[in-house]
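Given these sequences and hints, build the entire structure.
So the sequence shown is residues -26 to -1, 1 to 462, counted in mature numbering (1 follows the signal peptide of the UniProt record, and there is no 0).
For the record, the hints were derived by calculation from the structure and aren't laboratory data.
Accuracy of the hints is not assured; some may be wrong.
[What the hints assert, rightly or not] Simulated restraints, written as ranges between beta carbons of each label pair: (1) Ala49 x Ser424: 17 to 27 Å; (2) Gly94 x Ala353: 44 to 54 Å; (3) Ala152 x Arg75: 13 to 23 Å; (4) Gln76 x Arg100: 38 to 48 Å; (5) Ala86 x Leu116: 15 to 25 Å; (6) Glu253 x Arg395: 20 to 30 Å; (7) Leu245 x Gln384: 19 to 29 Å; (8) Arg391 x Leu245: 23 to 33 Å.
Built from N, CA and C at the ideal position, the CB exists for glycine as well.
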Amino acid sequence: MPVLLRPHWPLRLPASLCLVSLAALLAGCAATAPHPAPRLDLPTAFAHEQGWLATSALEQAPPDTLHAHWWQVYADPALDALLQQVTQDNATLEQASAQWRQAEAAVAAARASRYPQLDGDASASRSGDSDSRAQSRLASTLSIGWLPDLWGRTALQTQASAAQAQAAAANLAATQLALQLTAAEQYTSLRRLALDARLLEQTLAAYARSLSLTQNQYDAGLVARADVIQAQIQHESVRNQMATNQQQQALARNALALLAGTTAAQWGWKLPDDAPLPEPPAIPRQLVASLLLQRPDIAAASQSVAAANARLGVAQTAWLPDIRLNASAGLQGSGWSQFIESPLRVWSLGPTLAASLFDGGSRRAATAQAQADYDAQAAAWRAAVLQAVQEVEDALASAQWLHTRQAHQQQLLQLSRDNLRVVQNQYEAGMVSYLDVVTAQNLALTSQRSALELQAQRLQASMQLVAALGGGWQGRAATSTVALTPGS
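And the structure:
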């Protein structure tokens, strides 16, 4: 489906025919022209969405709804508390928020230039020379000046500032979403590590019992010393894996503390009990590509195109003259008594016409620079849309194949447990060596840890899909054509 990003900015009609004629003489070829809208054909659906069924709750969700708390679909109170803190206290978000407020202030400053400027001044001086007496002079002046926006230049500058402010707001939302996703992924990894640590503790206890049994059998002369060594190696190997797990948990906690805007020593957040990881939510039957347009980073890119388009218009109006209306009135006197009782009244009133007749190509270069900036922003918008499509496709493909892998892994896990039970029985009957038991135990442990890892990866892929769609799939309805207008 074609996605259009239509640049637009008005060029206001001049106030009088004389000014139009003068502008034509000074800048005959300075008329602005519309710029080609960037286009990008998107598919009506995604390549890796087949096989998913929507739940009734998702089907009944209201359209055009962006979920600020998108993670609540996972029904995990600890995750909710973590991401709430990330949203409130993250230092990077505070920086993005300050940049947005700065952009809002720039809009107010641009709008202020549309109004007349009123200035006042007062002065007192005493002067003289060697041939005359010193004289005093008091003066006060009130002046007003106004630069009418005959060519729409001020309106374009305001439009550019407004678009930049909207882009800053969208960047703030995009930064927030990215940080929330990072925290959610780190949380899932930490939960997986905690469950893995519990599994290793159980395995270590089982291996300790096997080691004790093997040592007793060796002391009784029933098994060789090699069996005891194998049991010791296996026991120490699990202890080493537990140490690695604790290291990874510490690093994950440090990363989460930073995302939450604090330090690991000050952070009082705790993991929930050893509950299983939540299942990923169901994905709707069809995810249309138009859902991507709700992503804040794409909205920011769209507003950047609008701002660049407005700046291009400002550069083109630089060929036109400026007309400023000025008026001033003041009082003068040689002393306080004269200044108060009978001051000299002065005033002035009149327009000022200013135009640059020759600049050595400076305005032409500025226009070319603004045009190149517009083209760059349009290309960045197209790149952002394509990047968004790739992220959704990656998340869908990962979710699909991880689901398949997990099903196979569950079968492998069951087979490894059955194999361990059979091998242990054979070892007790003296039919196999202890090396066979070690191999079966390692296979069972590896299968359990792999199953846990795949479950965490499925959950992370689900989170990546939600974030890739801008915070959920309850977006705008599917359409064959979507048009974006800068500033809308």
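Here's how the hints hold up against the structure:
{"no.": "1", "hint": "Ala49 x Ser424: 17 to 27 Å", "verdict": "holds (26 Å)"}
{"no.": "2", "hint": "Gly94 x Ala353: 44 to 54 Å", "verdict": "holds (49 Å)"}
{"no.": "3", "hint": "Ala152 x Arg75: 13 to 23 Å", "verdict": "holds (20 Å)"}
{"no.": "4", "hint": "Gln76 x Arg100: 38 to 48 Å", "verdict": "holds (46 Å)"}
{"no.": "5", "hint": "Ala86 x Leu116: 15 to 25 Å", "verdict": "holds (19 Å)"}
{"no.": "6", "hint": "Glu253 x Arg395: 20 to 30 Å", "verdict": "holds (28 Å)"}
{"no.": "7", "hint": "Leu245 x Gln384: 19 to 29 Å", "verdict": "holds (25 Å)"}
{"no.": "8", "hint": "Arg391 x Leu245: 23 to 33 Å", "verdict": "holds (27 Å)"}
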